[in-house]
Structures are given as C-alpha cells and as structure tokens.
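Novice: This is what each chain is made of:
There are 2 protein chains.
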Amino acid sequence: MTEPSADDSEERRRSIGARRNPDTQEAILDAAQAIVEEEGIAGFSIEAVAKRARAGKPTIYKWWPGRTALLLEVYHRHKPANVHMDTGSVEGDVVAFFTGVFAHWGNTGAGQVFRFIVAEAQRDEAAAASLRAYALERRQQSGQIFERGVARGELAADIDTGLAADMLAGFAWHRLLTGRLIADPEEMRQAARQLVRGLLTPGP
Amino acid sequence: MTEPSADDSEERRRSIGARRNPDTQEAILDAAQAIVEEEGIAGFSIEAVAKRARAGKPTIYKWWPGRTALLLEVYHRHKPANVHMDTGSVEGDVVAFFTGVFAHWGNTGAGQVFRFIVAEAQRDEAAAASLRAYALERRQQSGQIFERGVARGELAADIDTGLAADMLAGFAWHRLLTGRLIADPEEMRQAARQLVRGLLTPGP
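In order, the protein sequence lines correspond to chains A and B.
The first sequence runs 164 to 367 under this note's numbering.
The second sequence runs 164 to 367 under this note's numbering.
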C-alpha cells in the first residue's frame, strides 16, 4: 500500500497529464461548484478546489486569475438560459431577463453567491478586476437585446445600447444588493415598460 | 495628578451631561467623520467613535443600530446639495443627480466609503438592514424628481416613480461597484435622456 500523500500526488499528475484542457477546466468548475454547494462560500478557496479537482494550483491560475474569477464562472454557468431570450420584442426580452434573473437569485443560492462576489470586489483589487470584466461581458450580452431592437427598427438608432444594458443590470443588482428582489410579475413588466418606453407623457 | 482612565471617564460624563441631544449627535457624527478621514474605514468602530466623541457606546447605539448605520449617516451628510436639484425638467434633474453623485464619488473618498458600506451589507444582517433603510429613504428623495415631473404634466401619470428612482440609483451604483464611474458629461446626458425618454423610435 502506497502512502496516501504519494498516491495523491501521483494520481494528480496522471489526471492532469491524461486530460485535455477542456476536460480539466470542466473538472475544476465541477469541483468549485461542489464546494460552494456543500460547504458554502466560506469554504471556497483555490486550494480547496485544487485538492478536490486533483489539479495543481498553477493549472487553476492558468485559466482564472483568482477565486472571484472562478466563482464568477461557476455562478454564470448555472444561470438559466431563459435569462437571455429573443422574444421578438425588446420589452418582452427585458421582462424575460428580470423574470429569469430574479427567480434564479431568489430560488437558488445564486443570489447569495453573487452578493458575496460583489462584496469581495469592493475590497480586493483582483476581485474588482474580475467583476469589472464580468460586467463588461454581460453588458455585451444584454446589449444584444437592444441591438436586435435597433436592427428591427423598434428602437431609435441613436441610443447607446451599452448604457441601456447598464441600466438593465444596475436596476437588478440594486434590488439584489438592498435585499429587495422582485417577485411580482406586474412590477417586472412595469419596470421593463419604463426602461423601454421611458417616462414621458405620450404625445398628442 | 489623576490616573488617565479616571480623568477620561470623568470628562466623558461631564461632556455627555452638559450637552443636549442634537449637540451630542453632532459630536458623534463629527468624531465618526474625523476617524474615517484620518484612519480610513479600517479604523472605524463604534468603540473608536465613542472614545473620540467622549460619549458612551450606549449613547451611540441609542441613535444608530450599528457602525454601518453611523457610517451611512456620515456618508450622506457630506453629499453635496447639487445632487438633488429642481432644475425645472426631469431630464435636467437626472443630469444634475448623475453629475453630483459621480463627482462626489470620484473626487472625494466618498466612493470608497460607499463601496465599503455596500460590501458590509452583503455579509452582515445589521448592515443589510441599514443599507436597505437608507436605499428606501433615497428612493423617496429621488422619487421627488419624478413626482414633480408628473405634477407638471411632463411625465405620464401612470408611471411608478419608485421604480424610476430605483433605476436611477441602480444605474449609478452599478457603475460605482464595477469601477466605471462616469466622468463624461455627454455620457451622463445620454443616460438621463434614455432613462426619461426611453429607447423607442420616435413616432411618425
């Protein structure tokens, strides 16, 4: 019988050597996910993930600059597909976004994970860089809602789709971070209506 | 010569006894402010504030449930008056809000203080309650921008002014929390325009 530590390190070398990158990445993400689910965010560290995934810490750092970046990817890959839907109208897409995001935050542990990530990013430079990069990716993704609207002629050609995406995300984040998730579908529809149609009295 | 600790506690009793409540409150807020400025947020505790203000901790807890509530009041009382202006138009008021808030966050330490407060509120229940209460007060205050617009007939009577206020705040918070403060006045005007007029193609 081999010593546990030698066994461990041999198995680690073997599994890293045998796997192609996408598999290793998946194994790392699976391990990270399992740790969050079983131990909560408090137990989450690159060290713990490396141990569980039987990967070396350098392998993890090759793809993710730190634990917040890894946590963000775990968080993002479990976001339901219905958050980004092409319903054929901008208002429909925005309602789908709010519906999907608020349900995901409220019904799973995802809201807590995301709150933790935002908090980390306010104190730690590496976490801040990861959250900023994540926000810019989401800005581009949600921006497509508004770009499709412009392409259809539904939205004005001179709007700034990035600012619209920031307003969409900002509204949702603000409600999460102040513990006021929206559950009422009518409130979501009203928010979507105001975001898209604005607030002005309709013209004559 | 008296022992320092006895001297200290005598002076503390005297100053509390002699002051009327508003003065004590001011003294506490001044002490809290001075600690944030001189030692940063890391040195900020009810204990440190009590010592500097020569007040008892129970006196502080009488008015503020915890350090985040106290920090929020210090933060808020230094917000410049130009954040909430009645310019005569909703879009003008929203531009003034963005201009004032982003300048305040960017040019003073206030942005860092507020980021710290938001972070605290994601992990600590008392801090969360304080931030939520603060957000609801601000919602009411900023909501007046939109209520004035409705009263003038500028905005549609059936809008939800609270949701509009959340969108205003959410957009600004999101930019702060992802390290993307807006400095360009044209970007602020465009954001204000989209918030108020919406995104739709103008009708024929």
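Hints are computed from structural coordinates only; laboratory data are not their basis.
Please read these numbers as outputs of a predicted model, since none were measured by experiment.
All C-beta atoms in this analysis are idealised placements derived from N, C-alpha and C, irrespective of residue type, glycine included.
Just so you know, not all the hints are guaranteed correct.
Said to hold, decoys possible - With a Cα cut of at most 25 Å, we get these calculated SDA-like pairs of lysine to any residue: (1) A:Lys242 - B:Gly342; (2) A:Lys220 - A:Ser208; (3) B:Lys242 - A:Lys242; (4) A:Lys242 - B:Ala190; (5) B:Lys242 - B:Ala190; (6) B:Lys242 - A:Ser208.
Stated by the list, open to error - In silico negatives: residues of chain B with every beta carbon more than 10 Å from chain A: (7) Arg217; (8) Tyr224; (9) His247; (10) Ala284; (11) Glu317.
Novice: Work down the list of hints and note, for each, if the structure agrees.
Specialist: Hints, one by one, checked against the model:
Between the alpha carbons of Lys242 of chain A and Gly342 of chain B the distance comes to roughly 24 Å, so the proposed pair stays at or under 25 Å and holds. For the given pair, Lys220 of chain A sits about 10 Å from Ser208 of chain A by alpha-carbon distance, which is consistent with the 25 Å threshold. Between Lys242 of chain B and Lys242 of chain A, the direct Cα distance comes to roughly 37 Å. Violation of the 25 Å bound is thereby established for this hinted pair. In summary, the hint linking Lys242 of chain A to Ala190 of chain B is not supported, as the alpha carbons are separated by about 48 Å, beyond the 25 Å threshold.
For the hint pairing Lys242 of chain B with Ala190 of chain B, the CA-to-CA distance comes to about 19 Å; that is within 25 Å, so the pair holds. Only pairs whose Cα atoms come within 25 Å are accepted, and Lys242 of chain B paired with Ser208 of chain A is rejected, the gap being roughly 38 Å. Arg217 of chain B, annotated as away from the interface, keeps every beta carbon of chain A farther than 10 Å; the closest lies near 31 Å. No beta-carbon of chain A comes within 10 Å of the beta-carbon of Tyr224 of chain B; the shortest separation is about 22 Å.
At roughly 18 Å, the least C-beta separation between His247 of chain B and chain A is larger than 10 Å, which holds for a residue marked as non-interface. In this structure Ala284 of chain B is not separated from chain A by more than 10 Å, as the shortest Cβ-Cβ distance comes to only about 7 Å. Not every Cβ of chain A is farther than 10 Å from the Cβ of Glu317 of chain B; the closest lies at roughly 7 Å, contradicting the non-interface assignment.
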